[in-house]
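Visitor: If you want the building blocks of each chain, they are given just below.
Number of protein chains: 4
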Amino acid sequence: MSDLFYNSPTLTEWRGAAGHDWPAYVTHDFVKGLADGTLPAEAFQRYLIQDYIFLVHFTRAWAMAVVKSESLEEMKIAAATVDALVNQEMQLHVQTCLKAGISEDQLYGAEEAVENLTYTRFVMDAGISGDFLDLMAALSPCVFGYGEIGLFTQKTKQAGTSYHEWIEAYSGNDYQNLCLNVAAMVEKATLSRLGPRPFENPRWPSLCKRFQTATKLETNFWEMGLKGSKW
Amino acid sequence: MSDLFYNSPTLTEWRGAAGHDWPAYVTHDFVKGLADGTLPAEAFQRYLIQDYIFLVHFTRAWAMAVVKSESLEEMKIAAATVDALVNQEMQLHVQTCLKAGISEDQLYGAEEAVENLTYTRFVMDAGISGDFLDLMAALSPCVFGYGEIGLFTQKTKQAGTSYHEWIEAYSGNDYQNLCLNVAAMVEKATLSRLGPRPFENPRWPSLCKRFQTATKLETNFWEMGLKGSKW
Amino acid sequence: MSDLFYNSPTLTEWRGAAGHDWPAYVTHDFVKGLADGTLPAEAFQRYLIQDYIFLVHFTRAWAMAVVKSESLEEMKIAAATVDALVNQEMQLHVQTCLKAGISEDQLYGAEEAVENLTYTRFVMDAGISGDFLDLMAALSPCVFGYGEIGLFTQKTKQAGTSYHEWIEAYSGNDYQNLCLNVAAMVEKATLSRLGPRPFENPRWPSLCKRFQTATKLETNFWEMGLKGSKW
Amino acid sequence: MSDLFYNSPTLTEWRGAAGHDWPAYVTHDFVKGLADGTLPAEAFQRYLIQDYIFLVHFTRAWAMAVVKSESLEEMKIAAATVDALVNQEMQLHVQTCLKAGISEDQLYGAEEAVENLTYTRFVMDAGISGDFLDLMAALSPCVFGYGEIGLFTQKTKQAGTSYHEWIEAYSGNDYQNLCLNVAAMVEKATLSRLGPRPFENPRWPSLCKRFQTATKLETNFWEMGLKGSKW
Chain A
4 MSDLFYNSPT LTEWRGAAGH DWPAYVTHDF VKGLADGTLP AEAFQRYLIQ
54 DYIFLVHFTR AWAMAVVKSE SLEEMKIAAA TVDALVNQEM QLHVQTCLKA
104 GISEDQLYGA EEAVENLTYT RFVMDAGISG DFLDLMAALS PCVFGYGEIG
154 LFTQKTKQAG TSYHEWIEAY SGNDYQNLCL NVAAMVEKAT LSRLGPRPFE
204 NPRWPSLCKR FQTATKLETN FWEMGLKGSK W
Chain B
4 MSDLFYNSPT LTEWRGAAGH DWPAYVTHDF VKGLADGTLP AEAFQRYLIQ
54 DYIFLVHFTR AWAMAVVKSE SLEEMKIAAA TVDALVNQEM QLHVQTCLKA
104 GISEDQLYGA EEAVENLTYT RFVMDAGISG DFLDLMAALS PCVFGYGEIG
154 LFTQKTKQAG TSYHEWIEAY SGNDYQNLCL NVAAMVEKAT LSRLGPRPFE
204 NPRWPSLCKR FQTATKLETN FWEMGLKGSK W
Chain C
4 MSDLFYNSPT LTEWRGAAGH DWPAYVTHDF VKGLADGTLP AEAFQRYLIQ
54 DYIFLVHFTR AWAMAVVKSE SLEEMKIAAA TVDALVNQEM QLHVQTCLKA
104 GISEDQLYGA EEAVENLTYT RFVMDAGISG DFLDLMAALS PCVFGYGEIG
154 LFTQKTKQAG TSYHEWIEAY SGNDYQNLCL NVAAMVEKAT LSRLGPRPFE
204 NPRWPSLCKR FQTATKLETN FWEMGLKGSK W
Chain D
4 MSDLFYNSPT LTEWRGAAGH DWPAYVTHDF VKGLADGTLP AEAFQRYLIQ
54 DYIFLVHFTR AWAMAVVKSE SLEEMKIAAA TVDALVNQEM QLHVQTCLKA
104 GISEDQLYGA EEAVENLTYT RFVMDAGISG DFLDLMAALS PCVFGYGEIG
154 LFTQKTKQAG TSYHEWIEAY SGNDYQNLCL NVAAMVEKAT LSRLGPRPFE
204 NPRWPSLCKR FQTATKLETN FWEMGLKGSK W
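Protein chains in written order, with the working numbering: chain A, 4 to 234; chain B, 4 to 234; chain C, 4 to 234; chain D, 4 to 234.
In case anyone wonders, no lab produced these hints; they're calculated from the structure.
Any given hint might turn out to be false.
Since copy identity is lost for identical chains, a pair holds within one copy or between any two.
List of simulated lysine-lysine pairs, BS3-like, C-alpha gap at most 27 Å [as the list claims (entries may be wrong)]:
hint, residue 1, residue 2
1, Lys79, Lys102
2, Lys233, Lys212
3, Lys233, Lys35
4, Lys102, Lys191
5, Lys191, Lys158
6, Lys102, Lys35
7, Lys35, Lys158
Keep in mind that this is a model prediction, so the values were computed, not measured.
Whole structure, please, built from the sequences with the hints as guidance.
Guide: In structure tokens:
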């Protein structure tokens with residue numbers, strides 16, 4: 004039980020099937036730099052600005068999940084996530100950025116890095132091409148990866164890292180509980196579409212693939228934060 | 004100025020272009036029955052149950068508006084509406100229905116009347132086939148029509164009508180302010196897509212048509228409430 | 004084997020699960036009127052005009068199937084259907100209508116009956132809310148029902164019915180082979196998403212429901228042809 | 004007149020607004036290598052395989068254009084393009100690849116390069132987030148850029164380049180006429196949504212931006228062909 008990723012067999016399998024791509028994402032040098040405080044301020048700023056644009060499109064993708072929900076529970080969790088993203092997480096970013104002299108309208112209009120575009124449009128298309136579960140497979144690496152990264156950086160952080168607020172945000176109870184709630188819904192969404200033995204369902208490899216691709220695109224995003232965008 | 008429908012030239016024109024279809028909707032016998040209390044309880048119950056299913060799909064349509072928003076303001080208002088629909092308006096319906104012994108899960112699973120299906124899927128398709136503004140034209144008759152109906156029933160209601168809570172809900176400040184906020188956003192959405200003389204834009208007739216069709220489908224919905232569904 | 008509906012267990016089950024709604028559609032009075040020639044010319048004209056608008060939206064729905072296809076075979080069949088609908092079936096209608104003095108542009112711009120709107124937008128939304136298979140369940144009653152109706156009217160037709168060309172079109176080898184090809188693809192699409200025992204998959208009831216609703220909307224369409232639209 | 008890009012003021016403006024990004028795409032080293040025959044065979048093979056996967060998603064995007072078409076002409080051209088892509092252009096690729104010992108199923112299942120994913124999902128999302136014209140702006144750099152590249156390589160090609168078939172395909176009358184037909188439709192689509200002075204419409208900058216982003220993603224695609232994918 005304790006070995007399950009956020010108590011979900013589905014998420015545990017998806018993470019396992021991503022192979023090396025998973026640790027490459029959750030223990031990326033960018034992440035280590037957050038924990039030990041060596042991440043250059045410039046890299047963090049670049050990440051913050053792009054993450055704001057990411058949140059805009061991530062909100063769109065969760066809104067697509069509302070469109071595609073097939074149970075009351077799916078709809079409620081997806082709608083609450085849309086609201087939390089726009090009215091909490093985006094506001095948090097805005098405040099952090101305001102301190103650095105960047106307005107919300109500037110943020111909304113910032114030039115989108117290609118690494119950002121790639122990731123978010125891939126997730127949106129998972130919603131267009133498949134069903135609610137396909138979309139969940141593409142959304143999960145972000146939601147649950149940040150949960151794991153929050154705990155990892157909390158455990159490995161150096162005293163005095165200037166990124167402790169970021170670490171608190173993702174390792175804190177609020178975010179960790181959100182992960183548990185979304186994970187329970189994803190698990191139920193899996194069973195209600197694939198049946199009691201989901202790993203034997205013919206869709207399984209394609210769901211794993213969507214999760215893995217999104218994982219790789221998260222790593223791309225860290226690379227962009229660390230080294231700058233190709234654009 | 005005071006003649007403008009919720010201060011919006013766009014909404015005023017759309018309403019005018021709907022011709023007789025508009026008063027047929029907002030002063031329908033169902034509406035008059037709410038005001039004077041003569042609406043049979045059975046008709047109101049039928050309406051309430053179907054309205055719950057309507058809200059599920061209306062939420063999906065506003066979520067599609069989040070997907071299609073092209074400015075921060077559009078996204079914020081659409082996301083807030085998704086949240087308000089799921090966590091406030093649907094809960095209000097659930098409570099009303101619980102008093103009548105109908106559970107939320109029963110509500111979610113109730114047989115959808117064909118009049119409901121017609122209306123909601125038409126709105127969804129406006130989102131798929133067009134842009135954000137096309138979707139707004141299809142969503143507006145519900146949002147602003149209920150605002151007008153709230154004020155109309157408030158003004159004409161008989162003392163002792165058992166529907167006074169419903170009348171309060173839609174004539175009250177909360178709902179009327181929501182209308183004003185959404186109207187301001189719709190007006191801005193129009194100008195930012197059609198330019199300073201929107202009525203001369205070639206898309207104008209098609210937007211009026213979407214508004215008018217949705218208006219007719221609202222009347223269909225009242226008919227279903229009053230006389231029962233064809234299904 | 005010979006009892007299978009177009010050789011497909013999936014279609015056979017879907018048809019069976021539609022219960023009385025299926026014969027209500029395929030042996031509707033409109034259909035009987037085609038076979039024995041008693042259908043009023045006016046009803047047929049009304050049907051033809053609306054069927055043209057139906058084909059426009061049916062083409063959009065098959066195009067959505069291309070968007071949602073997950074194998075080369077699915078994509079090829081869906082793309083060929085889009086092409087056949089626009090460049091063959093719509094042209095056939097245009098020619099029939101031209102004889103009656105109705106131009107293609109008039110057809111494209113004809114007022115859409117509410118029964119038409121209901122059906123086509125329901126099918127489109129099956130594509131938005133679900134995956135390729137959900138869309139197939141909503142598209143199937145039209146494709147295969149017309150196949151069955153073609154054979155039924157061919158068998159029961161009266162000599163001298165003025166609708167023999169229509170009967171030939173749907174009972175002929177071209178259309179019947181199209182049905183067999185699409186059925187084989189639907190069968191494969193089912194197995195590749197639900198596994199070797201699709202009827203035990205938890206999605207099965209919801210797929211049956213989509214098929215049944217589309218079947219009822221076909222009957223609505225015949226009613227409109229026979230008695231005129233509500234609009 | 005003769006200075007207009009495929010006779011279309013819209014396309015001419017979009018191309019101009021892309022600035023340096025346009026020549027960076029149409030006269031990329033990959034293109035020059037096709038013309039003078041110096042492009043390594045390995046690079047061409049990599050491009051061919053990825054281009055096949057590109058065509059799958061490009062077909063999906065044109066199918067989305069069918070879904071979003073708002074006139075008979077738009078629908079006919081988009082549907083014909085879907086058919087041409089699946090049944091002609093993809094087949095042409097298949098044959099070229101078969102000579103190199105790569106089967107169609109292998110092609111369909113080849114690992115998608117991230118440069119491919121980025122481009123195609125961006126185009127799909129233009130269809131989801133906007134209207135038909137937004138989608139056309141994202142689709143145009145491919146359609147018309149290949150037209151220009153066809154003529155450019157035809158004019159500059161070295162005798163004996165092994166890529167003469169590719170050059171013939173895109174400089175030939177069939178492809179050039181397709182460009183003219185699609186361009187006429189795009190021009191009409193612009194006027195029917197933005198009015199007689201489209202460049203003054205507030206949507207204009209956003210349409211130019213979609214065109215420019217797609218142009219940059221084309222250059223990314225050539226880079227991938229030349230140097231290999233990041234994945």
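Visitor: At most 27 Å between C-alpha atoms: does Lys102 with Lys191 qualify within a copy, between copies, both, or neither?
Guide: The answer is neither: 41 Å in one copy and 29 Å across copies each exceed 27 Å.
Visitor: At most 27 Å between C-alpha atoms: does Lys191 with Lys158 qualify within a copy, between copies, both, or neither?
Guide: For Lys191 and Lys158, neither the intra-copy (30 Å) nor the inter-copy (48 Å) Cα distance is at most 27 Å.
Visitor: At most 27 Å between CA atoms: does that hold for Lys233 and Lys212 within a copy, between copies, both, or neither?
Guide: The answer is both: 25 Å in one copy and 18 Å across copies each meet 27 Å.
Visitor: Is it within a copy, between copies, both, or neither that the alpha carbon of Lys35 lies no farther than 27 Å from that of Lys158?
Guide: Cα proximity of Lys35 and Lys158: one copy only (11 Å, versus 54 Å across).
Visitor: Tell me, please, which holds for Lys233 and Lys35 at an alpha-carbon limit of 27 Å: within, between, both or neither?
Guide: So Lys233 and Lys35 pass the 27 Å test inside a copy (22 Å) and across (23 Å) alike.
Visitor: When no copy is specified for Lys79 and Lys102, does a C-alpha distance of 27 Å or less occur within a copy, between copies, both, or neither?
Guide: between (34 Å within a copy, 22 Å between copies)
Visitor: I want to check one pair: Lys102 and Lys35. Are their C-alpha atoms no more than 27 Å apart within a copy, between two copies, both, or neither?
Guide: For Lys102 and Lys35, the Cα distance is within 27 Å only inside one copy (24 Å; across copies 49 Å).
Hints 4, 5 from the list above are not met by this structure, while the remaining hints are.
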